[in-house]
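Peer 1: Sequence:
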Amino acid sequence: MIARWWRALDRWLSPRRRLPVLLQLSATECGAACLAMLLGYHGRVTQVSECREFFGAARDGITARALVQAARSFGLRTKVFSLDLAALGRLELPVIAHWSFNHFVIIERRLRRGYRIVDPAVGRRIVDDEEFAREFTGVVITVAPGPGLAARRPGQSAWSVYLRQVLRMRGWRRMLVQVVAASLILQAMALAVPVLTKVLVDYVIPLHVTDLLGVIAVGAALIVVTDLVAGYLRSAILIHLQGRFDTQIMLGLFGHLLSLPYTFFAQRTSGDLLLRLGSSAVIREMLTGQALSAVLDGGFVLVFLVVLFTQSWVFGLLALGIGVLQVVVLLVTARPLRDLTQRYLVAQAESQGFGVQLLKGIGTLKASGVEDRVLDFWSNLFHRELGFSLRRNQFAAVVDTVLNALRTFAPLVLLTVGMVSVTAGTMPLGTMLALIAVATAFLTPLASLVTTGQQLQLAGAHLRRIIDVVEAEPEPATPAGEPRLTGRLELSGVSFSYDPHGERVLEDVSFTAEPGQKIALVGRTGASKSTLALLLLGMYQPTGGTIRYDGTPLTELGIHGVRRQFGVVLQEPFLFNGSIRANISIGDPAMPLDRVVEVAKLAGIHDEIERMPMRYETLLGEGGSGLSGGQRQRLALARALATNPTFLLLDEATSHLDMATEAQVDTNLSALACTRIVIAHRLSTIQNADRILVLDRGRIVEAGRHEELLELGGHYAGLLRTQLERTP
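Each residue of the sequence shown is one higher than the one before, counting from 57 in our numbering.
What the hints contain is simulated information worked out from the structure, not anything from laboratory work. For each residue, glycine too, the CB sits at the ideal point set by N, CA and C. It is possible that part of the hints are untrue.
If you anchor each label on the Cβ, the simulated ranges turn out as follows [stated by the list, open to error]:
{"hint": "1", "residue 1": "Phe365", "residue 2": "Val285", "range": "30 to 38 Å"}
{"hint": "2", "residue 1": "Gln779", "residue 2": "Ser726", "range": "20 to 28 Å"}
{"hint": "3", "residue 1": "Gly411", "residue 2": "Pro556", "range": "27 to 35 Å"}
{"hint": "4", "residue 1": "Glu529", "residue 2": "Ala200", "range": "26 to 34 Å"}
{"hint": "5", "residue 1": "Leu141", "residue 2": "Gly311", "range": "50 to 58 Å"}
{"hint": "6", "residue 1": "Lys657", "residue 2": "Thr602", "range": "34 to 42 Å"}
{"hint": "7", "residue 1": "Leu330", "residue 2": "Ser156", "range": "23 to 31 Å"}
{"hint": "8", "residue 1": "Gly377", "residue 2": "Gly411", "range": "26 to 34 Å"}
{"hint": "9", "residue 1": "Leu358", "residue 2": "Leu446", "range": "34 to 42 Å"}
{"hint": "10", "residue 1": "Met670", "residue 2": "Arg429", "range": "33 to 41 Å"}
{"hint": "11", "residue 1": "Gly194", "residue 2": "Ser684", "range": "47 to 55 Å"}
{"hint": "12", "residue 1": "Lys657", "residue 2": "Gly311", "range": "29 to 37 Å"}
{"hint": "13", "residue 1": "Leu167", "residue 2": "Pro76", "range": "16 to 24 Å"}
{"hint": "14", "residue 1": "Glu529", "residue 2": "Leu167", "range": "35 to 43 Å"}
Given only the sequences and the hints, what does the whole structure look like? Please build it.
Peer 2: The structure is reproduced here in structure tokens:
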């Protein structure tokens, strides 16, 4: 009891700290998000992306052990407890808790009838005791600052990173100068109208100076024409700037996305990445539309304010007070509006990502007859997205109502004060009308700035999703003039783990393939054969050991240069929308038809293409829809052969073929002067291999030719015996 009182007193006397809310951007980074939030709570400002680097590929999520090791690497002291709800009350919060057996959250505070938690998937929320008892698994990780914790990590804001990319655009300075010049003219015209009003009301009309009416009429016409021309020119330049912005940013962003390593895409869904690309359009429209205009016009706010104070300090104070109220409303509502937008974007990414999966797997869904069940699941995701959207829009509507009330209130107050001054004889009527016009000219761009501030809060949530892409490190660039490989491949003690702190899926793999050899990788499902294939392509980086081509480590050759000398057919070959010829020649669009036909014959698909109505110009649907599995595999094989590769990597590339067709294709490939790495479950495919490597639990347990392995009577013989028993 005394200890509890002491902790409460210590919290009361200590400076108040607030846990920052950082949402996860992929399904597997809840642990990284929790760690980033607690680092921020203890004064170490960081981002989820920095914490995610400590977990590697982590395709299966993050374990508590990995989370503890990552926290300690940042200089935090951690302890792991397995406890019940009663013991939880004795821990100092906040802590990381294991949730629903597949998630991590932060328990922030104990309430009278529940807990306040921060869920990286949805943000800060309150759960009652019943839900907490149902979802809490009992595993808790306490985190406290250690002696090695850096107080603060200097860094750049997301906006500075993004704007740096924008400022690389050529010609933006010239266009910006033109826009500023047009804005200066517009604001000068805005000041000319109050001056003209004052002259008319205070001098021309009372003194009946009719000689000036013609001059004033011409001046008014010039003001209108100048305003129209300057406004049109500014709009035209902004539209041109928007087009340049689209070209620079979207092409750059998409190009950068394609340059990212395979691990980046393995941790994110297609729908989520498409939504992030869409977020770039949201930011572009905000920056080149309302925001730029508001900032340019808002730059003259001080000019109007100085004019007000020099003419009437009462009008100046009133206008300034109303403007300050608008800014206060923006500052007070900024955080909740940003949090609601973040939750909405996360929910939208989940629903759209699941929708993309549905469309990709529509054949399986219909064949299984589970459309209604899948619709119910998607409906739940959509209603969750809709709920966050409604909450965000309702909150934004309340804010807009308050701001509109202030905008309506402003001219009424100014008019009332002005009429009092006019009736008291302290201010001429023309001066009052002019000052009201100047005050309106002051409040209008200020209101635009406030509205832009709201839009920046919304855009900031979009920006955080884009920055996750922008700040991701691309794959190393290919050195200039990489040599043509001869086909020799050597692995020395190669190991790999998806999680640097987890179990290795490949352990001490070593073998050598000489030019022109056929090397086969066999083993039971889950033996990490496909993972090894991805390592050969540089999709993943080995945890230990070295991969060499022609005696040179892969990292020194350049990943892209090596891949260009590979022909690859993965387990699920992907075909693009377009003609058969375009799919085969995708590596070289200028490839002559004779070469396309040649590789199609090698792949055993030429005769079937010739029987199609449009032959090689036959158009394929998305993913090669309309073709059989065997036809898709052979088209992918023809595409792999089209560039005359030094290495040929086949991962179950003929699994959908009948044995006769498979044998013919293998005979055709045997005549090629390339090194073949073949992964197969059907052992008849690899009996003629120069060397067969048998993998079991990530290790090579047997190696040799077909006859040698049969004599051993080990794993390979067992696999072959099992297949023969199942063959009718």
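Peer 1: For every hint, state whether the structure bears it out.
Peer 2: These are the hints, each one checked on the structure:
no.	hint	verdict
1	Phe365 with Val285: 30 to 38 Å	32 Å, holds
2	Gln779 with Ser726: 20 to 28 Å	22 Å, holds
3	Gly411 with Pro556: 27 to 35 Å	33 Å, holds
4	Glu529 with Ala200: 26 to 34 Å	31 Å, holds
5	Leu141 with Gly311: 50 to 58 Å	52 Å, holds
6	Lys657 with Thr602: 34 to 42 Å	38 Å, holds
7	Leu330 with Ser156: 23 to 31 Å	27 Å, holds
8	Gly377 with Gly411: 26 to 34 Å	49 Å, violated
9	Leu358 with Leu446: 34 to 42 Å	39 Å, holds
10	Met670 with Arg429: 33 to 41 Å	39 Å, holds
11	Gly194 with Ser684: 47 to 55 Å	51 Å, holds
12	Lys657 with Gly311: 29 to 37 Å	36 Å, holds
13	Leu167 with Pro76: 16 to 24 Å	20 Å, holds
14	Glu529 with Leu167: 35 to 43 Å	42 Å, holds
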